[in-house]
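*Asks:* What follows is the residue order along each chain.
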Amino acid sequence: MRLHRLTLRDFRGVAARDLDFDEAGVTVVLGDNETGKSSILEALSLLFELPDDSKAGKLKAVQPAGRDVSSEVAAELTLGGQRVHYRKRWFRQRLTELRVDPGGHTWTGREAHDEAARLFAAHVDQSLWAALVVGQEHALAVPAAGSVAAVLTALDESAGGEVDHGAAVPLVAAVEREYQRYFTRTGRPSGDYAEAIHALDQERARVEEARARLAEVEQDVASAERLTRDRATMSARSREQEARVAKLADRRQAADKLVGQVERLRRDAEFAAAQVESARADAERRTALVDEVKERDRASTEAEEVRLRTTAALRGAEQEWERATAALRVARDDQAARRAEVRRLDAHLSRLRDRADLADVRKRLAAVEEAREQERRAAAALERTNVDDAALEAAEAAHVDVLAARAALAAGAPTMVVRRLGDADVELSGIPLEEADEGVTVDREVTVDRDTTVRVPDVVEVTVRPGTGATELAATTASAEDVERRLLAELGQADIGAVRQAARARVEAERALTIARDDLARRLEGRTFADLIAARDQLLARVTDDDHLDDVADDSADDLPDNVPDDLVGSRVEEAATLFDAEPLPAREFSVVKEALRVKEHLPAEESPPVKASLPAEQPLPTTQESTREALAHAQAEDVAAAKLLARAEAAGAGVRTAFEIARDEATEARVRSEQATERRTDALATLDRARAQQGDELLAAAMSKAAEEAAAIAADLAEAEDAVARSGVGELGERLAEATTLRAQLAEQVEHLQDELSRVEGALERAGAQGLATAAEKARAELAHAEEHHSTLERRALAAARLRETLERHRAEARLRYAAPLRDRIEALGRVVHGPSFGVGLGADLEVEARTVDGIRLPVSSLSTGAREQLATLVRLAIAGLTATDGSGVPVVLDDALGWSDPGRLQAMGALLARAGATGQVILLTSAPDRYVGTVPGARVVRI
Amino acid sequence: MPDTTIRFLHSGDWQLGMMRRFLGPEAQARYGQARVDAIERIGAVAARTSAAFVVVAGDVFDANQVDRKVVLRACEALRAVTCPVYLLPGNHDSLEPGSVWASPMLAAHLPSHVEVLRDSVPRTPAPGVEVVGAPWRTRRPLRDPVADVVGADPPPEGVVRVLVGHGQVDSLAPDVGEPALVRQGPLEEAIAAGRIHYAALGDRHSRTSVGESGRIWYAGTPEPTRPEEEHPGDVLLVELAAGPAGSTCTVTPERVGTWRLLSRVVEVDGDTSLDALDRWLGEQPDKTRTVVRLGVRGALSVAGLTRLEVLLDAQTEVYAAIQRWRRHWDVGVLPDDQMLDDLPVTGPARAALEELRHTVASGSDDAAEAADALALLHRLAGGAA
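Read top to bottom, the protein sequences are chains G and A. Numbered by my numbering, the letters in the first sequence go through residues 33 to 977 in order. Numbered by my numbering, the letters in the second sequence go through residues 622 to 1006 in order.
Hints listed in this document are in silico derivations from the structure and should not be mistaken for laboratory results. It cannot be assumed that every hint is accurate.
Derived DSS-like pairs: lysine-lysine, alpha-carbon spacing no greater than 30 Å straight-line [unchecked claim]:
#, chain 1, residue 1, chain 2, residue 2
1, G, Lys92, A, Lys908
2, G, Lys289, G, Lys279
3, G, Lys811, A, Lys690
4, A, Lys908, A, Lys690
Not close to chain G: a few residues of chain A, all C-beta gaps over 10 Å, as computed [what the hints assert, rightly or not]:
#, residue
5, Arg642
6, Ala668
7, His730
8, Asp774
9, Pro776
10, Ala794
11, Pro848
12, Thr869
13, Val939
14, Met960
15, Asp962
16, Ala982
17, Asp993
Quick list of the computed label-pair ranges, beta carbon to beta carbon [as the list claims (entries may be wrong)]:
#, chain 1, residue 1, chain 2, residue 2, range
18, A, Pro795, G, Glu274, 22 to 30 Å
19, A, Lys690, G, Glu784, 52 to 60 Å
20, G, Ala173, A, Val931, 28 to 36 Å
21, G, Ala247, A, Glu799, 21 to 29 Å
22, A, Lys690, G, Gln251, 22 to 30 Å
23, A, Val931, G, Pro134, 48 to 56 Å
24, G, Gly112, A, Trp950, 39 to 47 Å
Just so it is clear, CB atoms sit at the ideal spot from N, CA and C, and this is done for glycine as well.
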């Protein structure tokens, strides 16, 4: 193919351009940037590619911006030895024209487009066109010569022309198509073959599944057969066991009857034993009753004895108490006498001392005569009354005590009313009661605060004895009255009213005395004289009152000296102790009575003389102070001893009284007990009598022996029956029956289980039977056979195709390697012009340049610099162009803006090569750099645009 | 006593539901139907020969788990038989649990004149004759399946007994260790003693008379199932005559089969032998009901090989099936084929062709694959089709 002329109208930025190209040689199209150099290649491409009515997007970009005009491209070229004129206009006044010379055939419109396309396809090797007509965007890409059919043809020819490419290429393609019917490019099965393999797998799986399902059924069949056999065996065993159980059950029933009999007899025996027990209990109760009566008798007698004993003890205690009371009285009197003696001696001593003092003092008292006179007058006034506040208070208190005691006595002591009813004389406490007037009775009421006797001579004497409380109350009352009486006497007053009057008079006198003494003190201006006067007056007063000394009351009995001789006290104590035991009596049942009895035994006889205090005879008073002091000391000692003796007598009296009270209580209790015992004895006797009346003792004994006989008879029967049960082996029989029954149940369960299992399996088989599994399996196997057949056929074809392809490719590759030599030689020859004599290249299987060697350094293409790569790409293109130039199918070498990366030296060398290429073919160089080619490509024609 | 002749049909091995792998789906369907139709044809023979009854000696069904369609169609076909029919369970359809005989469907649809011999109780389809079956109760019995009937007491005076049994007789069995063989000796003794008058056996698909008595027979399958079978496709008409001079037995095969299963091995060496094969295939009658198991031995040119393929492809469409018998399929390419020389192939392709040709000639393991590749090259390079 040769390009002769290209015309552009309104194409992109180009308004109008006509370019002529030399048929051979180099044409350099030189233009500034954006002057439309690249449009030349684009126009050529679109001319053949797009019809005039195309709506392709890339066409839109061709129309000049903003102008609704036609874009037109016309080309004149040689195709397959024919001169072709081809013109096309897009957008407006669309037009396609084609004329082919010689012959002048013309086409227009779509036909023109189609014919042009056909001619282009037929005469232009597309792969060669792609390799040699290069836009600037591909300038760096090193083309693979092996992909260029024209190169291969050329190489084949240069290798000896043994391949007719007109036939070989279609054969290779046909083999490839055949291969691809069965395989993918990567060698995996595809299409029908893959489907056949898949189908085969599926059918195999189906057969396997069907076989498995059938195998399940067969297993079920075997299982059902086995279950049927097992069930028959187990049923037979079950029936045998049934018979065994029935036999054992019969034996068991007979044994049970025996057991029932034993149980009845046992119940009878129990009843008989209860009867015997009941009779024996009756007898025992009777014996117990008799014993009880005896016991009650004994207890009653005993209680009576006790009663008698305690009554006697009580009497003893009473006498003891009376004697103790008498002794106490004596002791009190004795003590009072001793106390009086002490006081008498004491007063006597004081008088003696006072008289001595008075004689001494009188001499010094004359000076205060007047004052003494005055004081004596005041004192005389005061003397008229001795009732001071304390005395009044004491008299009031004593009076209140009396009133309180009387009231208590009136409330606490019993009263007795005595009425005389007839003519007989009645004495109340020895005083005759007055006779009653006609029809009128006279009551005498007395408070019994002491033993009071009502006596009808020759008929009766009743002594009413007050209780302890009343006696005490009476004593308290008497004591209180005594105190009051003595106090009144002491005060010299008749009654409490006189005391009160005297008290008021004394208050007046005391006030007068105070005034007199104040007056005396004023008169006595020196104290020493006053004291003396007072002392002489006191002494004188005492001496004056000598005759009244014995009457001076001094109740400070406690004020005893401590040094009383022990032996004196001891003798009096021993004396008292012979009468009383000071030990308190223990409050034990009946023991006190015994104690009381013992006390009584030790008491002196009634007729023994009453205890009396041995009071000293009144002695003449000593004349001297010394002798008086001695007498006083002795009297004081005796007073202390008497007081101690009195205390002991009081304690003894209290003890005796307590003993008496206990004895009384015990006597009362003993009486009550005795009465109870008598009652109980009577009751027990009555019960026994009633029981005997109901059933006599003989009848009881008879009933007991009869019950015993019956029990013995039943026991004999029972022993016999138990023996029979033991012989029947009922226990073991029960176990055996239980075991047999369990086994029977187990067997029945197993039979049932087997039946269930069998039913289940038979059910499964029935369901399986309805599914036609065997038919399905057979069908699956048949389908598998077909799939295998189909697969086998396809596999054979596929393997044949693969084998043929492999064989053919191998031979082709070998041939290609043989072809590579001329191509390499050509590239290296060109390359040495640029890079020197050491330049070499390595080619791959597709005749692509893999590596470049310069000066022994081998570099892969990918490692080359941009400039070197661009040069290499141009070299390969020129080599391809050179190889294909001899063939009419060659195409021009068109380089757009190439070699922009080369240094001037290399550029010069490349220019030489381009010029050499121009010698055998058409070379068109598009550039914007005037110095790139101009001057470097010898003989190049430069077209400026 | 007047002479009495009992006439009945003996058949067996219907194998209903059987499938053949060498048949395509369409042929398979026809073949299956043909086996069912054979029942009707047996019925027609029975009617024509006035047979009193029909016994089917086992393997009525090909399996216990056959499709319900098979059972229903069999029941339907049996209606066409007008005399009593006795079906015996064999090893393929033994009376095992879940067997086809236990199916409710069969019970519902089996015609009343058809009886399954589930036990060995004598049946009396006609006066003077009793039919005693020896059914298979399991598919693997451990003893002679007819022994009990063989050893039973003789029939009443004047009654002929027909044994219906199933299994291989020991005299014909390849494996004498198999426990379920029918022992020929005792059977012949029973026949000689007059306890059994005819033994209708099943299991063997080839019609066969066993022993010398002429009273022990395999009827063969009514439609062939394998090419190896001898005389399949018949039903036996049995005539038993009882008389004072002793009984006689006549057995006559009656044709009911419609299919043929053939085996053929041919030698090929060129067009002449291919012509002969083509002719033979063309001459066979009833091709749609004929299966050929074909073996081919020899060597052919690439073109001859292609012709063989084309020829077989065409006949396969006509026949029920043409099965390539792998054991006897050994056909190669002639390496010195002139046609290969004439192919317009040069350069690397020619080198490839020559390499393949050399491999074929060497007879190595991959020679067959190389031959296929060579044939493919021949076709793609524009050689004769």
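*Asks:* Given the hint of 52 to 60 Å, is the C-beta distance from Lys690 of chain A to Glu784 of chain G inside that range or not?
*Replies:* Because 38 Å falls outside the window, the suggested range is violated.
*Asks:* Verify that the Cβ of Arg642 of chain A lies farther than 10 Å from every Cβ atom of chain G, and report whether the claim holds or is violated.
*Replies:* violated, 4 Å
*Asks:* Against chain G, does His730 of chain A hold up as non-interface, every C-beta pair farther apart than 10 Å?
*Replies:* Per Cβ check, His730 of chain A is outside 10 Å of chain G; nearest 13 Å; holds.
*Asks:* Does the no-contact call for Pro848 of chain A survive, Cβ to all of chain G over 10 Å?
*Replies:* holds, 16 Å
*Asks:* Minimum Cβ separation between Ala794 of chain A and chain G greater than 10 Å?
*Replies:* Given that every Cβ of chain G is farther than 10 Å from that of Ala794 of chain A, nearest at about 24 Å, it holds.
*Asks:* Is the distance from the Cβ of Ala173 of chain G to the Cβ of Val931 of chain A consistent with 28 to 36 Å?
*Replies:* For Ala173 of chain G and Val931 of chain A the Cβ distance comes to about 51 Å; the hint is violated.
*Asks:* Lys289 of chain G and Lys279 of chain G: Cα distance at most 30 Å?
*Replies:* Cα-Cα ~16 Å, so holds.
*Asks:* Taking the minimum C-beta separation from Met960 of chain A to chain G, is that value above 10 Å?
*Replies:* holds, 16 Å
*Asks:* Is the hinted range of 22 to 30 Å satisfied by the C-beta distance from Pro795 of chain A to Glu274 of chain G?
*Replies:* violated, 51 Å
*Asks:* Would you mind confirming whether the straight-line C-alpha gap from Lys811 of chain G to Lys690 of chain A stays at or under 30 Å?
*Replies:* With Cα atoms ~14 Å apart, Lys811 of chain G and Lys690 of chain A stay inside 30 Å; holds.
*Asks:* Check the following: the C-beta atoms of Ala247 of chain G and Glu799 of chain A are separated by a distance inside 21 to 29 Å.
*Replies:* Once the Cβ atoms are compared, 22 Å apart, the range 21 to 29 Å for Glu799 of chain A and Ala247 of chain G holds.
*Asks:* Take a quick look at Pro776 of chain A and tell me if its Cβ sits farther than 10 Å from every Cβ on chain G, holds or violated.
*Replies:* About 31 Å separates Pro776 of chain A from the closest Cβ of chain G, which puts it past 10 Å; holds.
Consistency note: the structure conflicts with the earlier hints numbered 1, 5, 17, 18, 19, 20 and 24.
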